[in-house]
Amino acid sequence: MAARALAGRAMAGRALAGRAMAGRARWLAARWLGAPAAG
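Take 55 as the starting number for the sequence shown in our numbering and just add one per residue.
Think of the hints as simulated: they come from the structure by calculation, not from any bench.
Wrong hints could be hidden among the right ones.
[As the list claims (entries may be wrong)] Each pair of labels, with its calculated beta carbon distance range:
1) W86 / A56: 38 to 48 Å
2) W86 / M55: 44 to 54 Å
3) M55 / G88: 44 to 54 Å
4) R78 / R58: 28 to 38 Å
5) A61 / L82: 26 to 36 Å
6) A84 / M55: 41 to 51 Å
7) G67 / G88: 25 to 35 Å
8) A56 / A79: 30 to 40 Å
9) R85 / A64: 26 to 36 Å
10) M55 / A76: 44 to 54 Å
11) G88 / A57: 38 to 48 Å
12) A56 / G88: 45 to 55 Å
13) M55 / R85: 44 to 54 Å
14) A83 / G62: 28 to 38 Å
For each residue, glycine too, the CB sits at the ideal point set by N, CA and C.
Full structure from sequences and hints, please.
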């Protein structure tokens, strides 16, 4: 029971970290692509 809760928490944490990493990558891409346009 505790193991299942721990596994669920780890999976949720991994999904959250993956979403944050994807968001940061998208932000970096927008920054790099937007820099030349902005001057």
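Hint check:
The beta-carbon spacing between W86 and A56, approximately 44 Å, falls within the hinted interval of 38 to 48 Å. Separated by about 47 Å at the C-beta atoms, W86 and M55 satisfy the suggested range of 44 to 54 Å. As the Cβ distance of M55 to G88 is approximately 49 Å, the hint placing it in 44 to 54 Å holds. A beta carbon spacing of about 30 Å between R78 and R58 agrees with the range 28 to 38 Å that was offered as a hint.
For A61 and L82, the hinted distance range of 26 to 36 Å is satisfied, since their beta carbons lie about 31 Å from each other. Take A84 and M55: their Cβ atoms lie about 44 Å apart, and the range 41 to 51 Å holds. Roughly 31 Å separates the CB atoms of G67 and G88, a value that falls within the hinted 25 to 35 Å. In this structure the hint that A56 and A79 lie 30 to 40 Å apart at CB holds, the actual value being about 34 Å.
The given range of 26 to 36 Å is respected by R85 and A64, whose C-beta atoms sit roughly 31 Å from each other. Between M55 and A76 the Cβ separation comes to about 32 Å, which falls outside the hinted range of 44 to 54 Å. At about 46 Å, the beta-carbon gap between G88 and A57 stays in the expected band of 38 to 48 Å. Taking 45 to 55 Å as the suggested C-beta distance range, the pair A56 and G88 conforms, at roughly 47 Å.
Taken as a hint, the range 44 to 54 Å holds for the pair M55 and R85, whose Cβ atoms sit roughly 45 Å apart. For A83 paired with G62, a C-beta distance near 32 Å keeps the hint of 28 to 38 Å intact.
In summary, the structure is inconsistent with hint 10 from the numbered list given earlier, while agreeing with all the others.
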